[in-house]
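Line order of the protein sequences matches chains A and B. Numbering-wise, the first sequence is residues 0 to 212 according to this note's numbering. Numbering-wise, the second sequence is residues -4 to 94 according to this note's numbering.
Heads up, a few of these hints could be off.
If you want a taste of the chain A side facing chain B, the calculated C-beta under 8 Å gives, among others [to be verified]:
no., residue
1, Thr2
2, Ala6
3, Ala7
4, Gln9
5, Leu10
6, Val12
7, Ile13
8, Met16
9, Met17
10, Pro82
11, Val90
12, Thr168
No lab work stands behind these hints: they were computed from the structure. Source: prediction; values computed, not measured. Using N, Cα and C, we set each Cβ at its ideal position, and we do this for glycine too.
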Amino acid sequence: MTTHEEAAEQLRVIRTMMERATIFRALSGEAALVGGAMSVAAGWLSEGKIGMKWGGVWLVGLAVVIVFAVWQLLRLSKANERPVWSHGLKVALRGALPPLIAGGFLGLMVLKYGGREPGAVKAELMAASFWVLHYGLALLAIREFAPRSMVWLGAAFLATGLAGFACSTFIQSAFPVLNRLGPSGLMAATFGGFHLLYGAVIVTTTPRDGPGA
Amino acid sequence: MIDFSKLDKTIHEKARLGIMTLLASRANPWPFQDLKVELEMSDGNLITHIRTLEQAGYLTGEKFTGDGRPQTLYTLTAAGRKAFVDYLAILEQILNLGK
Chain A
0 MTTHEEAAEQ LRVIRTMMER ATIFRALSGE AALVGGAMSV AAGWLSEGKI
50 GMKWGGVWLV GLAVVIVFAV WQLLRLSKAN ERPVWSHGLK VALRGALPPL
100 IAGGFLGLMV LKYGGREPGA VKAELMAASF WVLHYGLALL AIREFAPRSM
150 VWLGAAFLAT GLAGFACSTF IQSAFPVLNR LGPSGLMAAT FGGFHLLYGA
200 VIVTTTPRDG PGA
Chain B
-4 MIDFSKLDKT IHEKARLGIM TLLASRANPW PFQDLKVELE MSDGNLITHI
46 RTLEQAGYLT GEKFTGDGRP QTLYTLTAAG RKAFVDYLAI LEQILNLGK
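Go ahead and model the full structure; you've got the sequences and the hints to work with.
Quick look at the structure:
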């Protein structure tokens, strides 16, 4: 083996190890598309519903996406002959779960106990803002193990979640716009629109024979 | 002119290069068990290479014996990170020379 070939081989080892140190990046494209499509459907189905019925539609959608993501993870790990329960996945879950659990809990609390008096901010709108905001925080929590594109996705969710709260409360001039969009519209635009856009970019720009984003 | 003797022989071995790369890939420490899974190495093999890197001053291990199972977490030292970066620079030079 020449020195040049040896150097190329060593770089290949480094590249493989770096890829192993990250989470399954190939998961993000297809999972984002399915999540996006499911969110658009949930947005349509939840329109007009309130309280836990509204939340229930989104929880069912979430369950479907989780099942797909797990199936995709199993499929990819089998194809790559890698353990499913990898270090990257464990560390990513450790980072993402706290904001997801906190956001899910707060959203459900608002749906269950939120005020319904006239003039008050809709509980569903607050719950949607909590979910969007905390999902953004979860994505940003795994930025060390995720491709840069996912960091942008996280930042978009975070900014929209904060904007949702701001427009529902102290930026009164923007409230009519948010109110017209409604909680289902906000969820469909973010979990649906952002994911579809992100998934389309990843799927069309990532080589099919390897991970990457 | 590249001085090939500058290639760090401690890192140049594939298993140790794998360990160094994983440790360099993020700031958080790596548990022994996770390194073992990612590198697909036996306990004995991995510990031998880790000891070599520790003796070179490239990594440090810290034992934790909390409520759960005791585990050792490994991180790159400043010297280890510098050695890894220098090693990459030489590999890059070699590859550029072949163009």
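Evaluated hints:
no.: 1; hint: Thr2; result: holds, 6 Å
no.: 2; hint: Ala6; result: holds, 4 Å
no.: 3; hint: Ala7; result: holds, 6 Å
no.: 4; hint: Gln9; result: holds, 6 Å
no.: 5; hint: Leu10; result: holds, 6 Å
no.: 6; hint: Val12; result: holds, 5 Å
no.: 7; hint: Ile13; result: holds, 5 Å
no.: 8; hint: Met16; result: holds, 4 Å
no.: 9; hint: Met17; result: holds, 6 Å
no.: 10; hint: Pro82; result: holds, 6 Å
no.: 11; hint: Val90; result: holds, 7 Å
no.: 12; hint: Thr168; result: violated, 37 Å
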